[in-house]
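Peer 1: One line per chain: the protein sequences are A and B, in this order.
Mapping of the first sequence onto my numbering: position 44 corresponds to residue 618, and the numbering continues sequentially without gaps.
Mapping of the second sequence onto my numbering: position 61 corresponds to residue 68, and the numbering continues sequentially without gaps.
What the hints contain is simulated information worked out from the structure, not anything from laboratory work.
Errors might be hidden in some of the hints.
To be verified - Okay, the calculated beta carbon distance ranges per label pair: (1) R134/B / G742/A: 27 to 35 angstroms; (2) D599/A / R101/B: 17 to 25 angstroms; (3) E695/A / R101/B: 48 to 56 angstroms.
Said to hold, decoys possible - If you want the ones that stay clear, here's a sample from chain A, every Cβ over 10 angstroms from chain B, calculated: (4) L612; (5) V641; (6) D739.
Cβ coordinates follow ideal geometry from the N, Cα and C atoms, glycine included.
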Amino acid sequence: MTSTCATPLSDEQLIAYWAGDLDDDASATVEDHLFSCLACTAACERIAAIAETIRELIPPIVSRDQVARLQAKGLHVVENRVAPGQRKACVFRPGTDILLHVLHGLDLGRIDTVDVIVSDEDSGTIFFEAQGVPFDRASGEVLVACQRHFSSFPPNVVFDVRTRDSSGAERSTLFAIPHVFG
Amino acid sequence: MSGKDYRRSCIAQWDDDRTRPNSSSRSSTEAGIEAALGAKQTRVLACGGVLGSDSDGDLVCRISAHPAGDREAETELCRRFGPRIRLYGLRHLRSSDRASDLVQAVLLAVLTAARAGRVTNPEHFHRFVLGTCRHIARRLHQGESRLVPVGDELPEVPVMPDLDRVDVGALFRCLSRLETRARMVVLLSFQDERSPREIAQALETSLGNVRVMRHRAIIDLRKCMEGEP
């Protein structure tokens, strides 16, 4: 077992391995190599760290079913209901795992798709866009699962909920939520 | 490490034919693993010659040569193999807890085998560890929950790779910087566990393109996480 490798596994092989995209023989070959090679194990750990963290990430926009599953796993979920156009500050208190922003009052009855754009209220910088997110037609709700690691974003956040119906007509509804992480 | 040369090599062999596999379809590795996991074996251990480094084989020999085990050698083997067993567990069992169970069970099994001199080819110890991983992971898949007997002990060594140290906030920010389709490929691959073919259909692109996007996206994420532009 060596700390350098004369025939290292490629990134392509390691990524495909972690994505479950290798057949049994190719997968076994990768594992045989990993178990005899410290250098490739270290390379594999770096890719595994990213892949496994992505696998365990809680999506920022969730459905009620997903919320129920998270609660069943023991996560403490606190709801924060926000109406369209409202600017409502919230505090992410210690002991809270997920601060669930319930963006309600949306007319989603005839909506086909919903996208959510999250941006900095002050600079307008877009943090991320979530396309084709889950939504509840009956209750008119979109659920944002705010998580503690989001504290690395600027605190004054605007959620732009963009809906599109079958005719292609689009509508934008803003929810401004300044955050304080306790 | 000349000062630590060990004037021995080990040839451990099975001397109890009754415990050898009867079926020709079972490999010697499988038989060895089953033995390591519980079958009663006796062994012949012959040591001689010179080994000039602390190879896996050296460490196995040291452990075999001491009836009570060799704590230092056992710790070193755990340090070497713990992380890769855990990686194997994460890849195949998809659960951090079950991966940790696998680490404990496999290390205990292979150290027990080493202590008893039941490792047939110490210089290829890594193959024995991998085979044991596969064997125990299959048992975990089949629903066995308790694989480490209460009371058995392993050396206290750090065996966890750096997975727990990932800055989730940074990863989230890096994900948000990916081009939308690249981000979708990553999330569909690793969160939804969709096959490349399914992703290609969903994104109306080719299988090859999905693989290229996935590869580039992970490399971009890695660079982003490591602070590279």
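Peer 1: If a hint holds in the structure, say so; if it does not, say that too.
Peer 2: Hint check:
Against the hinted window of 27 to 35 angstroms, the Cβ-Cβ separation of R134/B and G742/A comes to about 60 angstroms, which falls outside the hint. One distance hint, 17 to 25 angstroms for the beta-carbon pair D599/A and R101/B, holds here, with the actual separation near 21 angstroms. Between E695/A and R101/B the CB atoms are about 38 angstroms apart, so this pair departs from the stated range of 48 to 56 angstroms. With a least CB separation of 8 angstroms from chain B, L612/A falls inside the 10 angstroms interface cut-off, contrary to its annotation.
Residue placement check: V641/A keeps its beta carbon more than 10 angstroms from all beta carbons of chain B (closest about 16 angstroms). Every CB of chain B lies more than 10 angstroms from the CB of D739/A, the least distance being 22 angstroms, so the non-interface label holds.
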